[in-house]
Amino acid sequence: MHPAFSVIFFTVASGAGYGLFALLGLGNALGLVPADRVFGLCSLGLATVLITAGLLSSTAHLGHPERAWRALSQWRTSWLSREGVAALATYVPLGAFGIGWAIFGNVDGPVAIAGLLGAALAFATVYATAMIYRSLKPIHQWHNRFVVPGYLAMALASGAALLNAFVQIWGRPQLAVGVVCAVAIVVAMFAKQRYWHFIDTTKSASTPETATGLGGIGKVRLFEAPHTEENYLLKEMGYKIARKHAAKLRAIALNAGFRIPLALTLLATALPGPLAIVASSVAAILLLAGLAVERWLFFAEAKHSVMLYYGAQTA
Amino acid sequence: MTSYAEPAAGAKKLGLVIDLDTCVGCHACAVNCKEWNSGGHSAPMTDLDPYGANADGVWFNRIHTFEAGEGPDSRTVHFPKSCLHCEKPACVEVCPTGASYKREEDGIVLVNADTCIGCKLCSWACPYGAREFDADEGVMKKCTLCIDRIYNENLAPEERVPACVSTCPASARHFGDLGDPQSDVSKLVEARGGYALMPEMGYAPVNRYLPPRAGKKAVGCTGAEAELAKPAETAGLHPLLRWMDKVLSR
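Protein chains in written order, with the working numbering: chain A, 445 to 759; chain B, 914 to 1163.
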C-alpha cells in the first residue's frame, strides 16, 4: 500500500496526542501529575495540537476536504466514520478538562471526571483508527489480530514518553510515570514484533488461482497486463519495498521507536534532574521518529489482493 | 446509506456473466465502456496526460491475460474484470459518507459523486480493484452496470444492455438477472459451471465467470494421413531383391 505522508503523520501525531491526553486524564485522577495550571496548559496544549494537526493532516489526502463533515454520518457500518465521531466527541471532555485545569486551576470533581471520560474517548478513537485497517480483508498484513493492540500500545507509549518528559522538565519526576512509560514501550515493542513475525510467516488465503478461478488448469501467472502505464490501482495498492530495505527500516524502527527510548526512560529514573530531562526528552523525540518509520513500513509492507491480478504470486 | 439490506431470496441481482472460453482479449468491451461512460452516469472518465509520457486515467473495465498450467495442458486466458456488484459489498460498508450505496431494487453498486469525499477507503476494501479514483474530480469512480443504458427507454430494447455486452464481438459477455434461477444468464452459469472470484473473501460477488472448456489436445485433421506410412519391410534387402519385390507387387 502506498505510504501517504498525511496518513503517517496523522496516525503518529494523533496517536501520541490521544495517548498523552488519556494519561493526563488518568494521571490527574490518580494524583500522579502536577496540578499546576501552567503544566496543564502546556501538556494538554501539546496533546490538543498533536491531535488537531493529525486530524487536519488526515483531511489533506481527501479528494474533497470541504465535504469531510459528511464522514460523520455512517457510524453504523464504517470504522472511518466512527473514528471521526469519536475524534470530535473527544474534544468535549478535552475542552472541559482543559478549561477547568488551565483556566480555573481546578482538577477535582467534574474536571477529573471529564479527564477520565476523555481518556475513554481517546482510547475509543485510537481503537477506531486501528479498526479501519483491521477490518480490510483484502490486505492480509492489516486484517489480523496484532494490528489493534499495536496501535493502542504505540499510542500509549508515545503519549507516556511525552508525559514523562513533561514531568521531568517540570522538575516533578514520578517513578510511576517512568514505569508506566517503560511498560508501555515494552508492550508496544512486543506487539510490533509479534505483528512482524505474523506477516513474515503467513500469507493471504487468496492466490492468483482463487483470484482468477483458473487454478483447476494449473498454476496461474500473468501473461499480459491490461495497460502499459501505471494506473490508480498500481500507484495506490501496488507499492513495493525491497526486503533488504524493509529489514533495515525495521531495525531503525525497533531501535529508535522502542529499544533506545526504553533504555533512556529507565536511565531517566536514576539520573539527576538535568540529565533526566535530556534523557526523557530524547526518548520522546526518538520514539515519535521511530513510530513514523514503523508507520511507513505498516503501509509499505502491506499487500493488497488486487495485485494478484497484476502478477503478484502472494498477497 | 452504507448499511444495506442483503438481497432476499429471489431478489433481483443484475450482473454480468463472462465467458473465458470465448473471450478473445480484444479490449473492445473496455473501449466501448470508456466511450459510453465518458458521457454517462459517472462521467467524465478522466484521462490525465493522455498523449504524454505518463498517461493515466479512469477505466471501469480492464482486460488481463493469464497463463494457467504448464506445457501442452496450459491455457492462455483473456480475463476482463469490472465491478462484480457484490451481495456483501465491503466498499459500501466502509464508506463514511453514504456516497457508496447498493441499490435494493437491482443490486447495482453505485457512487454518488456529489457526496463522495474521495477518502479512497472503498478502493482499499475492494479485493478486486474495481474502483478507480478520479484525481481530477476528487471522487471515486466505478462500473455502473450502465445504469443509464439498461433502463433507457430512448434506446431500442436490444440496446438496453451494458456497453461492454453490446460491443463484444465474441459474445463472451452476458447481462441479466442472476437472482432469477430461470433467467438466461442463470441457466448459462448452471450449464457451464460459472464461478465467483475470490470466494474466500466472503463478499459474494454477483458476476460469474465461465471457465474455459476442456482444451483439445489431439491434432485436428489437416488432410494428411494421421500416421506416416510404415517403412517398407524390404528396407534391409539387396537392391536386386527389392526391385524384384516391387515388380512382383504391382
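It is possible that some hints are incorrect.
Label pairs and their calculated CB-CB ranges [claimed, not checked]: (1) B:Thr989 x A:Ala707: 22 to 28 angstroms; (2) B:Asn967 x A:Leu711: 47 to 53 angstroms; (3) A:His505 x B:Glu919: 27 to 33 angstroms; (4) A:His505 x B:Asp1027: 39 to 45 angstroms; (5) A:Gln757 x B:Glu1071: 22 to 28 angstroms; (6) A:Lys684 x B:Thr989: 24 to 30 angstroms; (7) B:Asp986 x A:Thr646: 54 to 60 angstroms; (8) A:Pro447 x B:Asp986: 37 to 43 angstroms.
Just so you know, the hints here were simulated from the structure itself, not pulled from any lab data. Beta carbons: idealized from backbone N, C-alpha and C, even for Gly.
Hint check results:
At roughly 58 angstroms, the beta-carbon separation of Thr989 (chain B) and Ala707 (chain A) lies outside the given 22 to 28 angstroms, and the hint is violated. Roughly 51 angstroms separates the CB atoms of Asn967 (chain B) and Leu711 (chain A), a value that falls within the hinted 47 to 53 angstroms. A C-beta distance of roughly 32 angstroms is found between His505 (chain A) and Glu919 (chain B), which places it inside the suggested range of 27 to 33 angstroms. One distance hint, 39 to 45 angstroms for the beta-carbon pair His505 (chain A) and Asp1027 (chain B), is violated here, with the actual separation near 20 angstroms.
Separation of Gln757 (chain A) from Glu1071 (chain B) is about 43 angstroms and departs from the stated range, judged on CB atoms against 22 to 28 angstroms. Range check, Lys684 (chain A) to Thr989 (chain B): Cβ separation about 26 angstroms, and the 24 to 30 angstroms hint holds. For the pair Asp986 (chain B) and Thr646 (chain A), the supplied restraint of 54 to 60 angstroms is violated, since their beta-carbon distance comes to about 31 angstroms. Checking the proposed 37 to 43 angstroms range against Pro447 (chain A) and Asp986 (chain B) shows it holds: the Cβ atoms sit about 41 angstroms from each other.
The structure does not agree with the numbered hints 1, 4, 5, 7 stated previously, though it agrees with the rest.
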